[in-house]
Amino acid sequence: MRRVATLLLLLGATVLGCGATDEPDEARTTPFPEGLAAYVDQSRLQREGRTLFVRLVNDAERRVTVTHADIESPRFGTITWAGEKSFENEADLEFELPTSGCGTGSDVEVRLTYRIDDGPELQSTTTATDRYGAVALFMDRDCAEERLGEAATLELGTVRIAGEGRNSVYELPVTLTPTGAQDEVAFAGFEDTVLFRQVPGSAHVDEGVTYPLGPDDPPVEVVLRLIPSRCDPHALADDKVGTLVPVRVTGPDLPPGAAFYLPIGDERRAALRGFVPTYCGW
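Residues -20 to -1, 1 to 262 in mature numbering (1 follows the signal peptide of the UniProt record, and there is no 0) are what the sequence shown lists, from first letter to last.
Do not rely on the hints blindly, as some may be mistaken.
[Said to hold, decoys possible] Quick list of the computed label-pair ranges, beta carbon to beta carbon:
no. : residue 1 : residue 2 : range
1   : THR10     : PRO195    : 14 to 24 Å
2   : GLU187    : GLU64     : 33 to 43 Å
3   : GLY137    : GLU89     : 21 to 31 Å
4   : GLU89     : GLY188    : 54 to 64 Å
5   : GLU101    : GLY194    : 50 to 60 Å
6   : THR58     : GLU144    : 46 to 56 Å
7   : GLU89     : THR31     : 32 to 42 Å
Derived from the structure by calculation, the hints contain no laboratory data. If you're wondering where the values come from, they're calculated on a predicted model, not measured in any experiment. Don't be surprised by glycine CBs; every beta carbon is placed ideally from N, CA and C.
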(Lines of atoms letter the chains of each structure in order from A and count residues from 1; the text may use other names and numbers.)
(Lines give C-alpha, C1' and ligand atoms only; values in the text may rest on other atoms or scores of the structure.)
Protein backbone atom coordinates (compact mmCIF):
# COMPACT_ATOMS: atom_id res chain seq x y z
CA MET A 1 0.00 0.00 0.00
CA ARG A 2 2.86 2.33 0.89
CA ARG A 3 4.57 1.56 -2.48
CA VAL A 4 1.37 2.40 -4.39
CA ALA A 5 1.01 5.73 -2.57
CA THR A 6 4.63 6.56 -3.32
CA LEU A 7 4.15 5.78 -7.03
CA LEU A 8 1.03 7.97 -7.20
CA LEU A 9 2.88 10.80 -5.49
CA LEU A 10 5.79 10.55 -7.92
CA LEU A 11 3.40 10.38 -10.91
CA GLY A 12 1.56 13.48 -9.74
CA ALA A 13 4.80 15.39 -9.33
CA THR A 14 5.84 14.38 -12.85
CA VAL A 15 2.55 15.57 -14.38
CA LEU A 16 2.74 18.88 -12.53
CA GLY A 17 6.32 19.34 -13.65
CA CYS A 18 5.37 18.73 -17.31
CA GLY A 19 2.54 21.20 -17.05
CA ALA A 20 4.82 23.92 -15.71
CA THR A 21 7.33 23.33 -18.53
CA ASP A 22 4.67 23.60 -21.25
CA GLU A 23 3.45 27.03 -20.14
CA PRO A 24 5.07 29.80 -22.25
CA ASP A 25 7.07 32.42 -20.42
CA GLU A 26 5.60 35.93 -20.55
CA ALA A 27 7.66 38.55 -22.36
CA ARG A 28 9.60 40.74 -19.98
CA THR A 29 8.63 44.43 -20.14
CA THR A 30 11.63 46.68 -20.74
CA PRO A 31 12.33 50.20 -22.05
CA PHE A 32 12.43 50.50 -25.81
CA PRO A 33 15.99 49.68 -26.93
CA GLU A 34 18.32 52.51 -27.87
CA GLY A 35 19.15 52.64 -31.56
CA LEU A 36 15.76 51.24 -32.61
CA ALA A 37 13.32 53.78 -34.08
CA ALA A 38 9.73 53.41 -35.30
CA TYR A 39 7.84 55.34 -37.98
CA VAL A 40 4.38 54.99 -39.49
CA ASP A 41 3.88 55.65 -43.21
CA GLN A 42 2.16 54.65 -46.44
CA SER A 43 3.87 53.80 -49.71
CA ARG A 44 2.95 55.90 -52.75
CA LEU A 45 2.28 52.64 -54.60
CA GLN A 46 -0.46 51.79 -52.07
CA ARG A 47 -2.42 55.07 -52.18
CA GLU A 48 -5.48 53.42 -53.75
CA GLY A 49 -5.75 51.03 -50.79
CA ARG A 50 -5.58 51.26 -47.00
CA THR A 51 -2.30 49.43 -46.41
CA LEU A 52 0.05 51.26 -44.05
CA PHE A 53 3.18 50.07 -42.26
CA VAL A 54 5.20 50.60 -39.13
CA ARG A 55 8.84 50.85 -40.20
CA LEU A 56 11.43 49.75 -37.65
CA VAL A 57 14.93 51.13 -38.19
CA ASN A 58 17.80 49.48 -36.32
CA ASP A 59 21.03 51.50 -35.98
CA ALA A 60 22.86 49.02 -33.76
CA GLU A 61 24.84 45.88 -34.64
CA ARG A 62 22.31 43.21 -33.67
CA ARG A 63 19.51 41.12 -35.07
CA VAL A 64 15.97 41.99 -34.02
CA THR A 65 13.15 39.44 -34.34
CA VAL A 66 9.61 40.79 -33.99
CA THR A 67 6.82 38.34 -33.14
CA HIS A 68 3.90 40.62 -32.24
CA ALA A 69 2.87 44.27 -32.37
CA ASP A 70 -0.16 46.19 -31.12
CA ILE A 71 -0.63 49.45 -33.03
CA GLU A 72 -2.88 51.95 -31.27
CA SER A 73 -4.38 55.37 -31.97
CA PRO A 74 -7.37 57.18 -30.48
CA ARG A 75 -8.47 57.78 -34.07
CA PHE A 76 -8.75 54.10 -35.10
CA GLY A 77 -8.38 51.91 -31.98
CA THR A 78 -6.00 48.94 -31.80
CA ILE A 79 -4.65 46.79 -34.63
CA THR A 80 -2.62 43.63 -34.09
CA TRP A 81 0.29 42.49 -36.26
CA ALA A 82 1.40 38.89 -35.68
CA GLY A 83 4.08 36.81 -37.31
CA GLU A 84 7.86 36.59 -37.15
CA LYS A 85 10.15 39.03 -38.88
CA SER A 86 13.93 39.17 -38.33
CA PHE A 87 16.09 42.04 -39.53
CA GLU A 88 19.38 43.82 -38.94
CA ASN A 89 18.72 47.15 -40.67
CA GLU A 90 15.00 47.80 -41.08
CA ALA A 91 11.66 46.03 -41.44
CA ASP A 92 8.07 47.01 -42.26
CA LEU A 93 5.08 45.68 -40.31
CA GLU A 94 2.16 46.16 -42.71
CA PHE A 95 -1.43 46.59 -41.52
CA GLU A 96 -4.79 47.62 -42.94
CA LEU A 97 -6.00 50.93 -41.56
CA PRO A 98 -9.63 50.94 -40.36
CA THR A 99 -11.75 54.01 -40.97
CA SER A 100 -10.19 56.77 -38.88
CA GLY A 101 -12.21 59.23 -36.86
CA CYS A 102 -11.81 63.00 -36.88
CA GLY A 103 -9.29 64.47 -34.51
CA THR A 104 -5.72 65.66 -34.27
CA GLY A 105 -2.43 63.82 -34.27
CA SER A 106 -1.32 60.98 -36.52
CA ASP A 107 1.54 59.36 -34.60
CA VAL A 108 0.69 55.91 -33.23
CA GLU A 109 1.72 53.93 -30.17
CA VAL A 110 3.38 50.58 -30.85
CA ARG A 111 3.68 47.83 -28.23
CA LEU A 112 6.32 45.48 -29.61
CA THR A 113 7.13 41.90 -28.65
CA TYR A 114 10.62 40.94 -29.88
CA ARG A 115 13.98 39.28 -29.28
CA ILE A 116 17.48 40.72 -29.54
CA ASP A 117 19.80 38.20 -31.18
CA ASP A 118 19.28 34.93 -29.23
CA GLY A 119 18.01 36.61 -26.10
CA PRO A 120 14.66 36.17 -24.31
CA GLU A 121 11.37 37.58 -25.53
CA LEU A 122 10.89 41.22 -24.54
CA GLN A 123 8.06 43.70 -24.74
CA SER A 124 8.48 47.46 -25.14
CA THR A 125 6.30 50.42 -26.09
CA THR A 126 7.23 53.41 -28.24
CA THR A 127 5.72 56.09 -30.47
CA ALA A 128 5.86 55.54 -34.22
CA THR A 129 6.20 58.97 -35.81
CA ASP A 130 4.32 60.04 -38.94
CA ARG A 131 7.48 61.78 -40.13
CA TYR A 132 6.28 62.58 -43.68
CA GLY A 133 2.67 63.41 -42.82
CA ALA A 134 1.22 60.74 -45.15
CA VAL A 135 -0.83 59.14 -42.37
CA ALA A 136 -2.21 62.52 -41.29
CA LEU A 137 -3.46 63.11 -44.83
CA PHE A 138 -5.04 59.65 -44.85
CA MET A 139 -6.83 60.24 -41.56
CA ASP A 140 -7.99 63.68 -42.67
CA ARG A 141 -9.39 62.13 -45.87
CA ASP A 142 -11.42 59.74 -43.72
CA CYS A 143 -12.66 62.65 -41.62
CA ALA A 144 -13.58 64.71 -44.71
CA GLU A 145 -15.49 61.77 -46.19
CA GLU A 146 -17.27 61.20 -42.87
CA ARG A 147 -18.29 64.85 -42.55
CA LEU A 148 -19.56 65.07 -46.12
CA GLY A 149 -21.40 61.74 -45.73
CA GLU A 150 -23.20 63.14 -42.69
CA ALA A 151 -24.21 66.27 -44.59
CA ALA A 152 -25.17 64.92 -48.01
CA THR A 153 -25.59 61.89 -50.22
CA LEU A 154 -23.14 61.77 -53.12
CA GLU A 155 -24.35 60.44 -56.48
CA LEU A 156 -22.21 60.01 -59.57
CA GLY A 157 -23.77 60.16 -63.02
CA THR A 158 -22.83 58.53 -66.31
CA VAL A 159 -19.46 59.36 -67.85
CA ARG A 160 -19.58 61.13 -71.19
CA ILE A 161 -16.83 62.21 -73.58
CA ALA A 162 -17.70 65.55 -75.09
CA GLY A 163 -15.95 66.39 -78.38
CA GLU A 164 -13.15 64.62 -80.24
CA GLY A 165 -9.36 64.42 -80.06
CA ARG A 166 -7.65 67.40 -78.45
CA ASN A 167 -11.03 69.13 -78.22
CA SER A 168 -12.57 66.35 -76.14
CA VAL A 169 -13.34 66.43 -72.40
CA TYR A 170 -14.08 63.69 -69.87
CA GLU A 171 -17.24 64.73 -68.03
CA LEU A 172 -18.69 63.20 -64.88
CA PRO A 173 -21.87 64.69 -63.34
CA VAL A 174 -21.86 64.78 -59.51
CA THR A 175 -24.89 65.49 -57.32
CA LEU A 176 -24.75 66.24 -53.58
CA THR A 177 -28.14 66.15 -51.85
CA PRO A 178 -28.21 67.54 -48.28
CA THR A 179 -29.44 65.11 -45.64
CA GLY A 180 -30.45 67.83 -43.20
CA ALA A 181 -28.15 66.44 -40.51
CA GLN A 182 -25.41 69.10 -40.75
CA ASP A 183 -25.43 72.87 -41.13
CA GLU A 184 -21.69 73.63 -41.13
CA VAL A 185 -20.41 71.36 -43.90
CA ALA A 186 -19.76 72.52 -47.45
CA PHE A 187 -18.31 71.20 -50.71
CA ALA A 188 -15.46 73.43 -51.87
CA GLY A 189 -14.65 71.93 -55.30
CA PHE A 190 -12.44 69.32 -56.95
CA GLU A 191 -8.65 69.36 -57.11
CA ASP A 192 -6.47 68.45 -60.08
CA THR A 193 -4.34 65.30 -60.07
CA VAL A 194 -0.83 64.56 -61.32
CA LEU A 195 -2.32 63.12 -64.54
CA PHE A 196 -5.43 65.22 -65.17
CA ARG A 197 -6.38 68.88 -64.95
CA GLN A 198 -9.77 70.51 -64.97
CA VAL A 199 -11.10 72.80 -67.70
CA PRO A 200 -13.71 75.60 -67.56
CA GLY A 201 -17.12 74.39 -66.49
CA SER A 202 -15.68 72.08 -63.82
CA ALA A 203 -16.20 72.80 -60.11
CA HIS A 204 -12.52 73.59 -59.56
CA VAL A 205 -11.40 74.38 -56.02
CA ASP A 206 -9.36 77.32 -57.34
CA GLU A 207 -12.59 79.11 -58.28
CA GLY A 208 -13.12 79.72 -54.55
CA VAL A 209 -16.81 78.77 -54.73
CA THR A 210 -18.21 77.01 -51.65
CA TYR A 211 -21.39 74.97 -51.93
CA PRO A 212 -23.18 74.77 -48.55
CA LEU A 213 -24.86 71.47 -47.64
CA GLY A 214 -27.11 72.60 -44.79
CA PRO A 215 -30.71 71.50 -44.09
CA ASP A 216 -32.19 74.42 -46.05
CA ASP A 217 -29.81 74.23 -49.00
CA PRO A 218 -30.82 72.77 -52.40
CA PRO A 219 -29.01 69.83 -54.02
CA VAL A 220 -25.65 70.71 -55.53
CA GLU A 221 -25.26 69.63 -59.15
CA VAL A 222 -21.80 70.05 -60.62
CA VAL A 223 -19.68 68.47 -63.35
CA LEU A 224 -16.11 67.22 -63.10
CA ARG A 225 -14.48 68.09 -66.46
CA LEU A 226 -11.02 66.67 -67.06
CA ILE A 227 -8.36 66.49 -69.75
CA PRO A 228 -4.89 64.92 -69.52
CA SER A 229 -2.22 67.26 -68.18
CA ARG A 230 0.40 65.45 -70.31
CA CYS A 231 0.38 63.08 -73.27
CA ASP A 232 3.58 61.05 -72.93
CA PRO A 233 2.58 57.34 -72.81
CA HIS A 234 4.89 56.42 -69.92
CA ALA A 235 3.07 58.92 -67.66
CA LEU A 236 -0.08 56.81 -67.97
CA ALA A 237 1.77 53.49 -67.83
CA ASP A 238 3.62 54.42 -64.63
CA ASP A 239 0.71 56.19 -62.94
CA LYS A 240 -0.48 55.09 -59.50
CA VAL A 241 -2.43 58.09 -58.18
CA GLY A 242 -3.47 60.10 -61.24
CA THR A 243 -7.10 58.95 -61.16
CA LEU A 244 -7.57 59.83 -57.48
CA VAL A 245 -9.54 63.09 -57.66
CA PRO A 246 -9.65 64.99 -54.34
CA VAL A 247 -13.01 66.36 -53.15
CA ARG A 248 -12.42 69.43 -50.94
CA VAL A 249 -14.64 69.65 -47.85
CA THR A 250 -14.99 72.28 -45.13
CA GLY A 251 -16.63 71.67 -41.77
CA PRO A 252 -16.15 70.92 -38.05
CA ASP A 253 -12.87 69.22 -37.05
CA LEU A 254 -11.51 69.56 -40.59
CA PRO A 255 -8.13 71.20 -41.20
CA PRO A 256 -7.77 73.65 -44.10
CA GLY A 257 -7.51 71.81 -47.39
CA ALA A 258 -9.12 68.58 -46.14
CA ALA A 259 -10.29 66.37 -48.98
CA PHE A 260 -11.16 62.77 -49.80
CA TYR A 261 -10.93 60.88 -53.08
CA LEU A 262 -14.01 60.86 -55.30
CA PRO A 263 -15.25 57.22 -55.29
CA ILE A 264 -15.44 56.81 -59.06
CA GLY A 265 -15.10 53.00 -58.98
CA ASP A 266 -13.35 50.66 -61.38
CA GLU A 267 -15.58 51.26 -64.43
CA ARG A 268 -15.32 55.06 -64.39
CA ARG A 269 -11.62 54.84 -63.55
CA ALA A 270 -11.05 52.59 -66.57
CA ALA A 271 -12.96 55.06 -68.75
CA LEU A 272 -10.80 57.90 -67.44
CA ARG A 273 -7.59 56.04 -68.21
CA GLY A 274 -8.98 54.98 -71.61
CA PHE A 275 -9.74 58.61 -72.40
CA VAL A 276 -6.03 59.53 -72.43
CA PRO A 277 -5.01 57.78 -75.71
CA THR A 278 -8.14 59.00 -77.53
CA TYR A 279 -7.46 62.57 -76.41
CA CYS A 280 -3.72 62.39 -77.14
CA GLY A 281 -4.11 60.58 -80.47
CA TRP A 282 -1.84 57.61 -79.84
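Consistency of the hints with the structure:
1. THR10 x PRO195: 14 to 24 Å: violated (55 Å)
2. GLU187 x GLU64: 33 to 43 Å: violated (54 Å)
3. GLY137 x GLU89: 21 to 31 Å: violated (44 Å)
4. GLU89 x GLY188: 54 to 64 Å: With a Cβ separation near 40 Å, GLU89 and GLY188 fall outside 54 to 64 Å, so the hint is violated.
5. GLU101 x GLY194: 50 to 60 Å: holds (56 Å)
6. THR58 x GLU144: 46 to 56 Å: holds (54 Å)
7. GLU89 x THR31: 32 to 42 Å: Given about 20 Å between the Cβ atoms, the range is violated.
When the structure is compared with the earlier hints, violations turn up for hints 1, 2, 3, 4, 7 and for no others.
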